[in-house]
Amino acid sequence: GAGVSQSPSNKVTEKGKDVELRCDPISGHTALYWYRQSLGQGLEFLIYFQGNSAPDKSGLPSDRFSAERTGGSVSTLTIQRTQQEDSAVYLCASSGTGTGQETQYFGPGTRLLVL
Amino acid sequence: GESVGLHLPTLSVQEGDNSIINCAYSNSASDYFIWYKQESGKGPQFIIDIRSNMDKRQGQRVTVLLNKTVKHLSLQIAATQPGDSAVYFCAEIFSGNTPLVFGKGTRLSVIA
Numbered sequence: 003g004a005g006v007s008q009s010p011s012n013k014v015t016e017k018g019k020d021v022e023l024r025c026d027p028i029s030g031h032t033a034l035y036w037y038r039q040s041l042g043q044g045l046e047f048l049i050y051f052q053g054n055s056a057p058d059k060s061g062l063p064s065d066r067f068s069a070e071r072t073g074g075s076v077s078t079l080t081i082q083r084t085q086q087e088d089s090a091v092y093l094c095a096s097s098g099t100g101t102g103q104e105t106q107y108f109g110p111g112t113r114l115l116v117l
Numbered sequence: 776g777e778s779v780g781l782h783l784p785t786l787s788v789q790e791g792d793n794s795i796i797n798c799a800y801s802n803s804a805s806d807y808f809i810w811y812k813q814e815s816g817k818g819p820q821f822i823i824d825i826r827s828n829m830d831k832r833q834g835q836r837v838t839v840l841l842n843k844t845v846k847h848l849s850l851q852i853a854a855t856q857p858g859d860s861a862v863y864f865c866a867e868i869f870s871g872n873t874p875l876v877f878g879k880g881t882r883l884s885v886i887a
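The listed protein sequences derive, respectively, from chains A and B. Numbered per the working numbering, the first sequence spans residues 3 to 117. Numbered per the working numbering, the second sequence spans residues 776 to 887.
Think of the hints as simulated: they come from the structure by calculation, not from any bench. Just to be clear, a hint being listed does not mean it is correct.
Claimed, not checked - Sample of chain B residues lacking proximity to chain A, with all beta carbon distances greater than 10 Å (derived):
#1 I795
#2 I809
#3 K817
#4 Q820
#5 Q856
#6 T873
#7 G878
#8 K879
Stated by the list, open to error - What follows is a set of in silico ranges between Cβ atoms, one per label pair, in the way DEER data are often shown:
#9 S11(A) with Q856(B): 42 to 48 Å
#10 L41(A) with N793(B): 36 to 42 Å
#11 Q833(B) with T15(A): 24 to 30 Å
#12 S29(A) with P784(B): 34 to 40 Å
#13 D806(B) with D20(A): 26 to 32 Å
#14 K59(A) with M829(B): 42 to 48 Å
Values in this document were obtained by computation on a predicted structure and should not be read as measured data. Backbone N, C-alpha and C define an ideal beta-carbon position, used for all residues, glycine too.
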């Protein structure tokens, strides 16, 4: 596609429920990133996929968070047993061929509200 | 730990004036820097980038300056317009195609 897309754009859930957030990167981009942005804050790195390599999960805040990337394209971020502190905007970004430092392009984000 | 930070959290400028947004970084090994603009309810939008082998780069109405001696990055916006109102983030990459390290952002408000 023309840009990074994410779905849903908004998600309201009850505490304790699981949620899945989806990211479609720019076609041909090999690197995909998930970030979290809490209200009025900067972006916090969560997880990073590069090609077929094992993902860098060093930013995941707890074992309730997981992500996968199928076929080197679409990615799903799953949050199990959601907590109120998980409320944030979850942003996905992708970048090009992975041959060096390349600009990361962001999607519009999924706004998650845990009641 | 190493971090990217911004000197001012808010900046108000008159329409038509030039804006300067500053950023300090602490990792001398960082060699790629990006400025993003984020409007309310949207994801960050790429504005301009610069690599460490340069000290200045110009785009359309925007200029990024990099001072590696004092580890300082700035974004200059010429003839600021109401549409420039947003939060601006600087970000650095330490090496390779790794995750960005972001500062907390500066909110730019343009007064008409």
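Hint check results:
Against chain A, the non-interface label of I795(B) holds: every CB pair exceeds 10 Å, the least being about 20 Å. The beta carbon of I809(B) is not kept farther than 10 Å from every beta carbon of chain A, the shortest such distance being approximately 6 Å. A beta-carbon of chain A is positioned within 10 Å of the beta-carbon of K817(B); the least distance is around 6 Å. In this structure Q820(B) is not separated from chain A by more than 10 Å, as the shortest Cβ-Cβ distance comes to only about 7 Å.
Against the 10 Å criterion, Q856(B) stays outside the reach of chain A, whose nearest CB is about 22 Å from its own CB. Once the 10 Å rule is applied to beta carbons, T873(B) is inconsistent with being away from chain A; the minimum gap is 7 Å. Consistency note on G878(B): stated as away from chain A, yet its beta-carbon is not over 10 Å from all of that chain's, at 6 Å minimum. In this structure K879(B) is not separated from chain A by more than 10 Å, as the shortest Cβ-Cβ distance comes to only about 4 Å.
A beta carbon spacing of about 27 Å between S11(A) and Q856(B) contradicts the range 42 to 48 Å that was offered as a hint. The beta-carbon spacing between L41(A) and N793(B), approximately 30 Å, falls outside the hinted interval of 36 to 42 Å. As the Cβ distance of Q833(B) to T15(A) is approximately 45 Å, the hint placing it in 24 to 30 Å is violated. Here the CB-CB span from S29(A) to P784(B) is close to 37 Å, well matched to the stated 34 to 40 Å.
Evaluation of the 26 to 32 Å hint for D806(B) and D20(A) yields a failure: the beta carbon distance comes to about 40 Å. Between K59(A) and M829(B) the Cβ separation comes to about 33 Å, which falls outside the hinted range of 42 to 48 Å.
Hint compliance for this structure: hints 2, 3, 4, 6, 7, 8, 9, 10, 11, 13 and 14 are broken, all remaining hints hold.
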